[in-house]
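Novice: Residue numbers (this note's numbering), protein chains in the order written: chain A, 1 to 546; chain B, 1 to 110; chain C, 1 to 215.
For the record, the hints were derived by calculation from the structure and aren't laboratory data.
Be aware that one or more of the hints could be misleading.
Unchecked claim - Using C-beta positions, here's what the derived DEER-type ranges look like:
| id | chain 1 | residue 1 | chain 2 | residue 2 | range |
| --- | --- | --- | --- | --- | --- |
| 1 | A | Thr-142 | C | Leu-65 | 26 to 32 Å |
| 2 | C | Tyr-116 | A | Asn-153 | 34 to 40 Å |
| 3 | A | Leu-368 | B | Leu-20 | 54 to 60 Å |
All residues carry an ideal CB built from backbone N, CA and C; glycine is no exception.
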Amino acid sequence: MNLSEIERREHYLNVNYGIRSWLFTTDHKRIAWLYLLSVTLFFFIGGLFATLMRIELMTPQGDLVQAETYNKLFTMHGVTMIFFFLVPSIPAVLGNFLVPMMIGARDLAFPRLNLASWYIFIIGGAFTLMAAAAGGVDTGWTFYTPYSSIYSNTHVVLTVVGVFITGFSSILTGLNFIVTIHKMRAPGMTWFRLPLFIWAHYATSIIFVLGTPVIAITLLLVGLERIFRLGIFDPALGGDPVLFQHLFWFYSHPAVYIMVLPAMGVVSELIACFSRKRIFGYSVVAFASLGIAVIGFLVWGHHMFVSGQSVHAGMVFSFLSMVVAIPSAIKVFNWTATLYKGSISYDAPMLYALGFIGLFTIGGLTGLFLATLGINVHVHDTYFVVAHFHYIMVGGAVMGYLGGIHFWWPKMTGRTYPEIWARLAALIIFIGFNLTFFPQFVLGYLGMPRRYHVYPPEFQVLNVMSTAGASILAVGYLLPLLYLVWSLRYGAVAGANPWRARGLEWQTPSPPPTENFERTPIVTEGAYAYEKDPEEIYSLGKPAHV
Amino acid sequence: MSSQPVVSVRTYALVFASLLFLTALTTTVAFVDLGKGMHEMAALTIAVCKAVLVILYFMHVRYSDRLTWVFVGAGFFWLLILIGGTMDDVLTRPQLSPSTASVPAQAYPR
Amino acid sequence: MSKVEAFRQHHFEDVEQQHEASWLGMWVFLATEVMFFGGMFACYFVYRHWYLQAFASASNHLDVLLGGINTAVLICSSFTMALAVHSAETARRKPLIAFLLLTIVLGLLFLGIKFYEYHTKFEEHLVPGSSFRFEASLARPAEIFFSFYFAMTGMHAVHMIIGIGLLTALIFKARRGRFSAAYHTPVELTGLYWHFVDIVWIFLFPLLYLVGRHL
């Protein structure tokens, strides 16, 4: 296929031009792009806050910013990265684009709600950016009371309103995915023929739907307490700040599974494709996704071991936190078993997937250290915790996101990216990441507290290493921004299935037509049938009934 | 669900009457001394009965498919997780309540 | 194209699939609402456990008669809503519109009584904040009770207002003949929402108005 043929064929990108056709679209693929641009913007904003923090931390004294400013930086870094990048990234970008395609549907169940969810996301983001521009908020992304509800003099209300609004974006996305996966699968697409990416997004959607409303009401109560002097978390009235923490972490712990489950779904797709093998133990991996989602709701108190929570509750939550590690570990074992005797190739998406497995394992194991009550007392609120969650969120979730973006880029754009630059960027990211965050495990173990802009001089060497790593990491993140944009114009034209992958999304042209499939697919085989030719697996049914 | 039968007006009327009766019951019972800790139990039991009637008949769940039952149940079950985990902490703390803990109220100016 | 076909959106195979998806979608949304209100209920149970005496004393300042009447009003409105859905199912347009209107009237009656109650609480200095006055030894936890009273009934009232808006939109659509025995999904879904809001009040009434009444 040459360029002029591509340009003559109608697909979802060229069917309509102009800003209105994008801002009023109900096509899930275009909405995925709207989200892609938005989350990329928030990623670099959050990264900017992190850059300022790491520059400050090069020296033991506070010399770049004042303490109050530093408090605002780490707060805004956390709020932006968590609520406006990590939570939406894979589900709202890759999930929106791929869920209908992978199940053989023409769109999600509720296309207009999908567009509404993006607008809600943007409005919430606007409130939060306004708060940042007006001077920021310094409570930490955790908004602990009574500081956030009574004593802080920063823009708490504006920020919690922004996060509250954005929460509805998550809820609508999760609702859409659940109904779509239940009701809109193509003929023959039974539950156990679904790609694991779909299982992962289904499990994530359960968390979206059952967890997000709790943080919504919690932040609303903090806002009401600030505005109307309601006294729900006020210790002067006999209120209990630990109660806030229960409500906050009831969502915010499952939230980390919102961030990592979709990445695990991506990794399953990548490992299968680049080993040319079915995922080992498919149904176990599917159930493990659900298991992580459910058990993930039972462990929130492990953020509160030293808060004043009872020892009894601490023991229960510690035990359950060990249990939740089991399905995650099972997935790592199954991916490894898939690699065994596979025909491995090291394209950029695979580099990200392999990086995920290693870094997620380190992050997950250090989570077990933190779940152990005796150890937690010493490393709580130190850089050990910071390193742990960055290994999962950055080493895990972000790598999964980048691997997915690269893998499905040809499908989304009809172009291939430059492979050499992509592999180089993946390598730079891997090295930069480890140099940034591994020293932080050591720092935390040695006792450096988190959320401080000053530290004892003996910690400087490790901090300088960490900042050096961060600068390498920044280069690594800028590279894909540059070459992916470059590829939109100059990249080689991609065919329908450049990776020779299995999966319904690869059975339709790149970029796909607006209706996804010219004829409704009929599925007769499970996912990852790499031992068969694609032609043997899929037949096409009647023309798509428009 | 379009495959559901049309629920009769008579069924709705019976449920309506039951709901009014249960409201009167819960109000009356509140004024009677039932013994320690029983009031909460009684009030919640009656409220749950009313909610179940509304869900099964007014909201047609009695005639819906299993998937609907799963989502109805999931919402309430998850709420129980939240209440259960929080109360586990609250009930096993050594002090009786935050306001009987050591710090005097004057320490926090309002 | 049949009259029903006209309502099928392009991404669904048939009307049945569309209806099933809408129904499931509404229930998923109601599950989120259970968790949303549930967060406040969870906090309420904790404080009721710690401060039962203050909660009982504060609860006795609420008007049981008005609360009871409001409960009955909402139950009536659920009945009329169910009858509205029934009218849509049996393709009777005039009763449908009548029952929707009746539901709105009952909802407005509820809100009227509620705001009257808020007004009396304001007069009695029971609104949390600097003007709050209560018997000294129980004042602080009582202020927590009233914080819950206003937060929970206030959030409930917001949901009622939204519901009344939805019902109004339904009446306009019904008058234009949009609904039939084969297609009346918006009526059904609004009914689910309205019944849910009623269920929230079914729990709010005893937990706020009937604490320690036997004392």
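Novice: Is the distance from the Cβ of C:Tyr-116 to the Cβ of A:Asn-153 consistent with 34 to 40 Å?
Specialist: Since C:Tyr-116 and A:Asn-153 have Cβ atoms about 37 Å apart, the given range 34 to 40 Å holds.
Novice: Between the beta carbons of A:Leu-368 and B:Leu-20, is the distance compatible with 54 to 60 Å?
Specialist: 55 Å, holds
Novice: Using the C-beta atoms of A:Thr-142 and C:Leu-65, is the stated range 26 to 32 Å upheld?
Specialist: 44 Å, violated
Of the numbered hints listed earlier, the single one contradicted by the structure is hint 1.
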